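**Student:** For the sequence shown, UniProt numbering begins at 1 and goes up steadily by one.
There may be inaccurate statements among the hints.
[As the list claims (entries may be wrong)] Label-pair restraints from in silico Cβ distances: (1) SER17 / ASP38: 23 to 33 angstroms; (2) LEU8 / ALA72: 19 to 29 angstroms; (3) PRO37 / SER3: 49 to 59 angstroms.
Keep in mind that the hints were calculated from the coordinates and are not lab data. Owing to the predicted nature of the structure, the values given are computational and were not obtained by experimental measurement. Using N, Cα and C, we set each Cβ at its ideal position, and we do this for glycine too.
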Amino acid sequence: MKSVSATLVIRLAIGVSGLAAIGYGLFLALTTLRRWPDVISAALWFGLPPLVFDLLLVPVIGLLGGLVATRARPRWRPPLITGLIISGALLVIAAPFVSGIGRRADNPSLLDRPYLLGTVVALAVIWAGAALWGLLRKEN
Numbered sequence: 001m002k003s004v005s006a007t008l009v010i011r012l013a014i015g016v017s018g019l020a021a022i023g024y025g026l027f028l029a030l031t032t033l034r035r036w037p038d039v040i041s042a043a044l045w046f047g048l049p050p051l052v053f054d055l056l057l058v059p060v061i062g063l064l065g066g067l068v069a070t071r072a073r074p075r076w077r078p079p080l081i082t083g084l085i086i087s088g089a090l091l092v093i094a095a096p097f098v099s100g101i102g103r104r105a106d107n108p109s110l111l112d113r114p115y116l117l118g119t120v121v122a123l124a125v126i127w128a129g130a131a132l133w134g135l136l137r138k139e140n
């Protein structure tokens, strides 16, 4: 008789708990959201960033990564590709905040920060780190 590995048991437990969390979230969404505008707003908030990432940013990052791999010097390739990937993920996370989806005039406490400025500062930190990494790497 074949024994079940601990890795398989852990993977199954994580998968089942993830599916349970998704089910609970869907239950809460279906019982909480009563009007169609709320459903559409929630769908845009949670659904649009993954679509933008998969359909727009991943191909762009892939093309830029291909250009970096063929054009950049070897010491700069990992920092540049890493900077592109992290920047793409940050832009997907920041997109709903920067675009103002969900901002309401009757509730000024929603989306009350300068999200565009924060995104630009975060991108500057990412690329400063990538530049520092590239400068400190030894030439191959």
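**Student:** All hints, please: hold or fail.
**Tutor:** Hint by hint, here is what the structure shows:
no.	hint	in the structure
1	SER17 / ASP38: 23 to 33 angstroms	28 angstroms, holds
2	LEU8 / ALA72: 19 to 29 angstroms	41 angstroms, violated
3	PRO37 / SER3: 49 to 59 angstroms	54 angstroms, holds
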